[in-house]
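In my numbering, the protein residues as written are 87 to 648.
Careful: at least some of the hints might be erroneous.
Claimed, not checked - List of simulated lysine-lysine pairs, DSSO-like, C-alpha gap at most 30 Å:
#1 K559 / K540
#2 K568 / K437
#3 K232 / K309
#4 K326 / K608
#5 K348 / K289
#6 K613 / K569
#7 K305 / K326
#8 K469 / K389
#9 K263 / K306
#10 K131 / K95
#11 K263 / K314
#12 K451 / K389
#13 K123 / K385
#14 K232 / K264
#15 K269 / K608
#16 K348 / K198
#17 K406 / K469
#18 K326 / K295
#19 K380 / K543
#20 K315 / K305
#21 K547 / K95
#22 K543 / K568
Stated by the list, open to error - Taking CB as the label site, the calculated pair distances span:
#23 D298 / E610: 26 to 34 Å
#24 K326 / K306: 32 to 40 Å
#25 D298 / N346: 20 to 28 Å
#26 K326 / D298: 23 to 31 Å
#27 I609 / R444: 29 to 37 Å
#28 L183 / K306: 20 to 28 Å
Derived from the structure by calculation, the hints contain no laboratory data.
Keep in mind the model is a prediction, meaning the values are calculated, not measured.
Using N, Cα and C, we set each Cβ at its ideal position, and we do this for glycine too.
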Amino acid sequence: MKKLTKNAKLILRKYLVRDRNCNIIENFEDMFKRVSKNIADIDKKYEGFKSSEKSREEFFEIISNLEFLPNIPVLANAGNSLQQLAACFVLPVKDSLEEIFESLKNMAIIQKSGGGTGFSFSDLRPEGSIVRDTGGVASGPVSFIKVFDAATGAIKEGGIRRGANMGILRVDHPDIKKFIEAKKCGGLENFNLSVSITDNFMKSLKENKKFDLIDPRTKKIVKKESAKKIFDLICENAYKNGEPGVIFIDTINRYNPILNEKIEATNPCAEMPLLPYESCILGTINLVSVSSEKGIDYKKLEKIVRTSVHFLDNAIDACKFPLKEIEKKVKENRKIGLGVMGFADSLIIRKIPYNSERAIEEAEKIMCFINKIAHEESENLAKTRGSFPNINNSIFKGKKMRNATLTTIAPAGTIGIIANCSQGIEPIFNVVFERYTTNKILLEFNPFFKKISKEYKLTNKEISDIAEKGTLKYSRLPDQIKKIFVCAHDVSSEYHVKIQAAFQKYTDNAVSKTVNLPENAKIEDVKKTFLLAYELKCKGITVYRDKSREMQVLRLCKCKLN
Numbered sequence: 087m088k089k090l091t092k093n094a095k096l097i098l099r100k101y102l103v104r105d106r107n108c109n110i111i112e113n114f115e116d117m118f119k120r121v122s123k124n125i126a127d128i129d130k131k132y133e134g135f136k137s138s139e140k141s142r143e144e145f146f147e148i149i150s151n152l153e154f155l156p157n158i159p160v161l162a163n164a165g166n167s168l169q170q171l172a173a174c175f176v177l178p179v180k181d182s183l184e185e186i187f188e189s190l191k192n193m194a195i196i197q198k199s200g201g202g203t204g205f206s207f208s209d210l211r212p213e214g215s216i217v218r219d220t221g222g223v224a225s226g227p228v229s230f231i232k233v234f235d236a237a238t239g240a241i242k243e244g245g246i247r248r249g250a251n252m253g254i255l256r257v258d259h260p261d262i263k264k265f266i267e268a269k270k271c272g273g274l275e276n277f278n279l280s281v282s283i284t285d286n287f288m289k290s291l292k293e294n295k296k297f298d299l300i301d302p303r304t305k306k307i308v309k310k311e312s313a314k315k316i317f318d319l320i321c322e323n324a325y326k327n328g329e330p331g332v333i334f335i336d337t338i339n340r341y342n343p344i345l346n347e348k349i350e351a352t353n354p355c356a357e358m359p360l361l362p363y364e365s366c367i368l369g370t371i372n373l374v375s376v377s378s379e380k381g382i383d384y385k386k387l388e389k390i391v392r393t394s395v396h397f398l399d400n401a402i403d404a405c406k407f408p409l410k411e412i413e414k415k416v417k418e419n420r421k422i423g424l425g426v427m428g429f430a431d432s433l434i435i436r437k438i439p440y441n442s443e444r445a446i447e448e449a450e451k452i453m454c455f456i457n458k459i460a461h462e463e464s465e466n467l468a469k470t471r472g473s474f475p476n477i478n479n480s481i482f483k484g485k486k487m488r489n490a491t492l493t494t495i496a497p498a499g500t501i502g503i504i505a506n507c508s509q510g511i512e513p514i515f516n517v518v519f520e521r522y523t524t525n526k527i528l529l530e531f532n533p534f535f536k537k538i539s540k541e542y543k544l545t546n547k548e549i550s551d552i553a554e555k556g557t558l559k560y561s562r563l564p565d566q567i568k569k570i571f572v573c574a575h576d577v578s579s580e581y582h583v584k585i586q587a588a589f590q591k592y593t594d595n596a597v598s599k600t601v602n603l604p605e606n607a608k609i610e611d612v613k614k615t616f617l618l619a620y621e622l623k624c625k626g627i628t629v630y631r632d633k634s635r636e637m638q639v640l641r642l643c644k645c646k647l648n
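With the hints as extra help, turn the sequences into a complete structure.
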């Protein structure tokens with residue numbers, strides 16, 4: 087088992103099994119054994135898998151060596167009475183009071199079990215519409231988002247972490263302006279907001295024309311609005327506080343593997359576009375574990391990918407889903423989401439600058455390989471276990487495939503801390519920085535920079551200066567080191583988007599990525615970022631300008647190495 091860092095232990099400690107008196111009754115190795123056994127035992131359900139011992143050993147090897155980690159609900163709940171293993175859920179919100187509050191109830195059940203929820207509020211009639219039954223006036227989507235937000239604030243996910251939500255509204259909804267500005271004066275702390283942007287809107291924007299705002303209930307045009315004005319409003323608010331993000335809903339549905347249903351929403355971090363009542367279990371491969379100065383060990387990576395797909399498919403059967411509708415939908419399509427973390431660290435190991443054409447090539451090469459092997463393994467599982475039941479309504483009709491989707495790039499923030507690697511496909515935020523969690527401030531040092539700081543005998547003051555400035559540019563380190571240790575604010579918005587697009591090219595679901603902009607960035611930078619993301623076929627994008635919020639998770643700081 088690989089040695090865990092102090093920060094990893096702080097995170098994992100919350101998920102260790104406790105007795106009735108809240109005393110911890112397992113260690114970290116026991117946790118990994120518990121998870122591996124629980125998921126491997128599913129093999130016994132299937133012909134040709136009479137023993138689960140081999141799988142248990144394989145699962146334990148990749149998890150305990152931090153080569154692969156499943157989403158947090160698996161680590162927390164596998165092998166205990168809750169057994170709720172999924173992180174991502176999407177629930178429908180329909181246009182009646184009964185259906186709205188049914189969704190609210192379902193959200194509470196999911197968040198209590200440890201899941202995050204995504205919603206499209208686009209079916210709700212606009213503010214000011216007449217309600218026939220009562221003769222009253224509809225309050226509109228934003229008012230109901232506030233209700234969902236308040237409910238989430240009263241719930242702690244599984245008693246472990248506060249709930250997270252994604253709220254989405256189509257760009258052609260009559261209340262779109264109010265939605266875009268919903269966080270202008272604060273509030274909605276338990277929601278990420280994204281505008282669902284259509285191809286029609288982007289065409290109107292390009293041609294500088296007006297587009298139709300449509301009442302979702304009557305399907306009638308309410309008014310025409312300038313596409314440019316709406317786009318400018320989105321960008322201005324994203325510039326001021328990081329929201330809303332955007333999802334490109336027509337791009338998402340072009341790559342939707344289920345042919346007779348439309349996707350309207352995503353999970354809270356937008357890496358999983360899902361159908362109503364769908365859920366997904368995620369897992370992430372640590373690229374540091376297959377990286378050396380010589381390059382990527384593709385033979386080892388292949389083994390990890392195949393084992394990970396097997397693990398995640400088993401996890402679907404092992405999971406006790408919180409609602410019957412969700413269990414039915416998940417088992418119809420059997421979507422899984424396998425991604426990567428440690429991409430920036432992998433580049434550092436191989437001395438490749440993050441903001442380079444070579445890095446883009448590497449992103450495509452790595453993800454193409456992972457996606458190919460994942461699909462091969464899903465086909466192999468289908469031969470012994472059967473294809474997903476809904477395959478005849480999918481792009482895989484006539485083939486064998488166990489899972490409707492296989493790959494996803496999640497943010498991997500928490501599991502990145504556990505694995506002691508860079509977050510998802512993001513550049514390193516800084517070589518030294520503070521991470522704000524629910525109740526702790528974690529000081530993080532890039533492990534590869536630690537070696538450099540010792541090799542070049544950097545003083546505490548020099549390290550503190552780098553930590554405060556968020557870049558190595560002004561340090562006395564040689565240029566070849568500065569080129570390799572590229573921090574988030576060293577990367578232009580263009581390269582942020584190009585890296586995302588490179589991964590998206592070979593990812594079934596979506597890519598969660600934040601374009602970190604420096605404090606002195608302009609609104610024009612936000613506009614260029616959103617337009618380039620659409621042009622390069624990204625499924626969504628988020629920007630965050632440094633210090634645009636009073637409280638942010640990652641912060642530059644004055645600190646020193648001990």
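Results of checking the hints against the structure:
1. At most 30 Å may separate the alpha-carbon atoms for a hinted pair to count; K559 and K540 meet this at roughly 18 Å.
2. Restraint check for K568 and K437: satisfied, since their Cα atoms lie roughly 11 Å apart, inside the 30 Å limit.
3. Between K232 and K309 the alpha-carbon distance is near 26 Å, which keeps this suggested pair within the 30 Å criterion.
4. Between K326 and K608, the direct Cα distance comes to roughly 10 Å. Compliance with the 30 Å bound is thereby established for this hinted pair.
5. At roughly 21 Å between alpha-carbon atoms, K348 and K289 fall within 30 Å of each other, so this suggested pair holds.
6. For the proposed pair K613 and K569, the alpha carbon gap of about 27 Å is at most 30 Å, so the pair holds.
7. For the hint linking K305 to K326, the alpha-carbon distance of about 33 Å lies beyond 30 Å, and the restraint is violated.
8. Proximity of K469 to K389 is assessed by CA-CA distance (about 19 Å); at most 30 Å being required, the pair is judged to hold.
9. Taken as a hint, the K263 and K306 pair is honoured in the structure, with Cα atoms around 18 Å apart against an allowance of 30 Å.
10. For the suggested pair K131 and K95, the alpha carbons sit about 34 Å apart, so the restraint of at most 30 Å is broken.
11. Straight-line distance between C-alpha atoms of K263 and K314 comes to about 13 Å, which keeps the hinted pair within the 30 Å bound.
12. Of the pairs offered as hints, the one joining K451 and K389 holds, with about 17 Å between alpha carbons and a cut-off of 30 Å not exceeded.
13. The straight-line distance between the Cα atoms of K123 and K385 is roughly 25 Å, inside the 30 Å bound, and the hint therefore holds.
14. Proximity of K232 to K264 is assessed by CA-CA distance (about 13 Å); at most 30 Å being required, the pair is judged to hold.
15. Distance check on the hinted pair: K269 and K608 sit about 20 Å apart at the alpha-carbon level, within 30 Å; holds.
16. Note on K348 and K198: the hinted pairing holds, with a Cα-Cα distance of about 28 Å set against a maximum of 30 Å.
17. For the suggested pair K406 and K469, the alpha carbons sit about 25 Å apart, so the restraint of at most 30 Å is met.
18. For a cut-off of 30 Å, the pair hint linking K326 to K295 stands: about 26 Å separates their Cα positions.
19. For a cut-off of 30 Å, the pair hint linking K380 to K543 stands: about 27 Å separates their Cα positions.
20. Between K315 and K305 the alpha-carbon distance is near 23 Å, which keeps this suggested pair within the 30 Å criterion.
21. Restraint check: the Cα-Cα separation between K547 and K95 comes to about 28 Å, which is no more than 30 Å; the hinted pair holds.
22. Only pairs whose Cα atoms come within 30 Å are accepted, and K543 paired with K568 is accepted, the gap being roughly 16 Å.
23. The supplied range of 26 to 34 Å is met by D298 and E610, whose beta-carbon atoms lie about 27 Å from each other.
24. At about 33 Å, the beta-carbon gap between K326 and K306 stays in the expected band of 32 to 40 Å.
25. The hinted range of 20 to 28 Å is satisfied by D298 and N346, whose Cβ atoms lie roughly 26 Å apart.
26. For K326 and D298, the hinted distance range of 23 to 31 Å is satisfied, since their beta carbons lie about 28 Å from each other.
27. Checked against the hint of 29 to 37 Å, the C-beta distance between I609 and R444 comes to roughly 31 Å, which is consistent with it.
28. Checked against the hint of 20 to 28 Å, the pair L183 and K306 passes, with Cβ atoms roughly 22 Å apart.
The structure fails hints 7 and 10 (numbered hints given earlier, in ascending order).
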